[in-house]
Amino acid sequence: MAEKLSRRQIAWRIVQDIHEGMYVNLGIGQPELVADLLPPDRDVILHSENGILGLGPKPTPEEADDDLINAGKKHASLVTGGAYFHHADSFAMVRGGHIDVCVLGAFQVAANGDLANWTTGGDDLLPAVGGAMDLVAGAKKVFIMMDHNTKDGSPKIVEQCTYPLTGRHCVTTVYTDIAVIDIKPEGCVVREKFADMTMDELQARTGARLTLANDWHLLATPNVG
Amino acid sequence: MAEKLSRRQIAWRIVQDIHEGMYVNLGIGQPELVADLLPPDRDVILHSENGILGLGPKPTPEEADDDLINAGKKHASLVTGGAYFHHADSFAMVRGGHIDVCVLGAFQVAANGDLANWTTGGDDLLPAVGGAMDLVAGAKKVFIMMDHNTKDGSPKIVEQCTYPLTGRHCVTTVYTDIAVIDIKPEGCVVREKFADMTMDELQARTGARLTLANDWHLLATPNVG
Amino acid sequence: MVNKEKVSLEEAVADIPDGAVIHIGGFGGVGIPVDLCDALYRQGARNLTVINNGVASGKVGLAALIGGGRVRKIICSYPRTPDPEVFEKKYRAGEIELELVPQGTLAERIRAAGAGIGAFYTPTSVGTPLADGKEVRVLQGREMVLEHPLYADFALVKAEKADRWGNLTYNKSARNFGPIMCMAAKTSIVQVREIVALGALDPEAIVTPSIFVDRIVNVPYPTKET
Amino acid sequence: MVNKEKVSLEEAVADIPDGAVIHIGGFGGVGIPVDLCDALYRQGARNLTVINNGVASGKVGLAALIGGGRVRKIICSYPRTPDPEVFEKKYRAGEIELELVPQGTLAERIRAAGAGIGAFYTPTSVGTPLADGKEVRVLQGREMVLEHPLYADFALVKAEKADRWGNLTYNKSARNFGPIMCMAAKTSIVQVREIVALGALDPEAIVTPSIFVDRIVNVPYPTKET
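Protein chains in written order, with my numbering: chain P, 1469 to 1693; chain H, 1469 to 1693; chain C, 46 to 271; chain V, 46 to 271.
Just chain P, with the same shape it has in the complex:
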């Protein structure tokens, strides 16, 4: 048995919490995997900041249109029923609370729901924020998709973010390679944990105090690669 979920498995897990009819914005990078794992018979309508509702799958090279890209600046397609609009209308959807779920990556999530995902404040990369601050301020639910720990083993779920914030009190749920954790008024509540990992083991890899939900269960996913 694997020791943790693959990224596609995390994406699959997130898909279980995205329901028919939802309007969803997927962040650039790992969250894009969520689109690949949505069942084709589930009408989930994807929003792209650059003026698209009904973002479709990656086109073939022949179908690619240079005027049709997603927020990650890659060629995209439009599903039947999709629509185009301008940037102010696009962010009216975001800021106005019309997006049911956004899925974003993170550097850090704090027990109070604070999120840091746009800059480490270091000098290695220029600070670039894009639409992240608008999304976390406006989406009804903010799902975070990330590894539970950094490459060097540090926790990414912390008592207080040390990196510059993207937003305060905005995270709904964190989906990691070993747990599903809801951010509630009382703090981090483990809804699911991986395989036979104990709470002590999970707590040891987490920088904020965890509690276990009464109705917690095992984080189990099929093999989706």
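In case anyone wonders, no lab produced these hints; they're calculated from the structure.
There may be inaccurate statements among the hints.
[Said to hold, decoys possible] Only some residues are given here: those of chain P computed to face chain V with a beta carbon under 7 Å:
hint : residue
1    : Gly1519
2    : Asp1535
3    : Tyr1552
4    : His1554
5    : His1555
6    : Phe1559
7    : Arg1563
8    : Leu1594
9    : Pro1595
10   : Ala1596
11   : Gly1598
12   : Gly1599
13   : Pro1632
14   : Leu1633
15   : Arg1636
[Stated by the list, open to error] Only pairs whose alpha carbons sit at most 30 Å apart, straight line, appear in this in silico DSS-like list of lysine-lysine:
hint : chain 1 : residue 1 : chain 2 : residue 2
16   : H       : Lys1541   : C       : Lys206
17   : C       : Lys179    : H       : Lys1652
18   : V       : Lys118    : P       : Lys1542
19   : V       : Lys118    : P       : Lys1541
20   : V       : Lys231    : H       : Lys1609
21   : H       : Lys1526   : C       : Lys206
22   : H       : Lys1608   : V       : Lys231
23   : C       : Lys269    : H       : Lys1526
24   : H       : Lys1542   : C       : Lys104
25   : P       : Lys1542   : V       : Lys135
26   : H       : Lys1609   : V       : Lys51
27   : H       : Lys1526   : C       : Lys104
28   : C       : Lys51     : P       : Lys1608
29   : V       : Lys206    : P       : Lys1542
30   : P       : Lys1541   : V       : Lys134
Where a beta carbon is used, it is the ideal one built from N, C-alpha and C, also for glycine.
Given the coordinates of chain P, assemble chains H, C and V onto it according to the supplied hints.
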């Protein structure tokens, strides 16, 4: 010779200050006469608050479409090159300074450019403001079309408005049946006056101090009915 | 399969409770969702707050709601009609409350509610009685008034075509307040002349994208204000 | 006869002075008016302030303006590109100023400039470094930041079709910032792939009405960002 301009003649005079390519909003009532007197070969694009650019002439009963009305709630038409949009976009045009000229009626205009044209504050009619306050706040030029005096002979150009204001310091020029008067920082400046009326005669019919422009001339119009 | 179509007007308005705040589209009788208003009248909800450009005339639609005593308060820009029976009589009798708002401010306040804007400054109405008691600040060298969003629990809107997701187009000047009201209400209910297949609306020409629409009802021959 | 068509890119940008503030449309290379930017490069204006979502990449268009040292300041949401040569080097050398703005706030600030809104409150960026020094107020129970309009002297925009009055349509996701930038600039200059007869654009599907457009130039085969 007539003692004053007819309403159509006032409208004709206003038309002389509306140039090719201007975007113009005409208030309900008398200002609508301006549309009738625009030369057909002059591209002046009429804006209607209810989401129309390129308002055309009154349609025949056969052509009338119940979904196409002007701001005065009468059947209208759309000229070639016209466009439809929603109310927030319509008033973005108004408030954002994109309308070159609006033409409105008035109860009173003050020497400082204050305008009162939406309610007399009395109890006879319910107060109704419509888009007047937005128009006077946003249009580049605010032309007032009115009789110089009320039916009982009182002046409508005054030192200070006594009726509730529509806007402050907003009037550009007043076109009456006997004069064309620019509202300038120094007050009311007569640009044109009717026939052989003397300044004393004009002043006697006006509630604010007038000065005569150096380049003033006679207010003369053709017979346009 | 997402399908926002309701089988009847009755079903579409069934859950509007007493005391609801309702955006009602239309300007000068054009774009008024008369059939939805009439269904709401039959449904019986009372004590409503209605946001509309005017106060309606005639005997059906919004006029019926007002005339029937269902409306506690109207927020509008133009509460004057040729027929004083419906609104004016009730207003002068103190039976209905009126909040008068300049038309552009009305539209922008509705848009603000839909776009998640907390409040905005506008030059409209500075120095007039409609700015009384409002915060004024100098911005860009001009005095501006602070205005707040106009949220609603429900929007009743009339459009021309819809697909089952709720993408909408309108007809000519009947567009007016529809698109911004769909944005600004928790639940937007739209009567449309025609429901078309998903994909039949040009994605470049959809005026209201489906995200702003909750329910649609097909009313091929809409009732007019009379 | 109103005809906003200019015969050449050069004529369209001839009067842009040193020090101008310029909205430049486009997102991720799509909808960027590369040919207008190149014409502006050849024209020689310096000391420009540019508002765009990013900082461009490649060697033409906005990248050429930045690389050529014509841009004093960039206001954008995403100043990061795969190629650090153009912007990053200049930024780290202190040769170009950067104002970082969340993408939705950027769009709304541009719209506010076009719509005559003096300032607005948004929940976006509250509690983050991008709200530092900004006024915060509680509205609708949430902390909100006060944001100001982003005016420009000129807008350079790319669209799909125009008529001689300047009515515009766009193509797919190339619409992005074009419509709001046309609204927000004193003079908006649009390169279009095709100029069509007046009346050829459906009045229901015009995205930018002519009132927001000052000049159009026909560029049937637009240059791409490379």
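- Item | Violating hint indices (sorted, rising) | No hint contradicted; all consistent.
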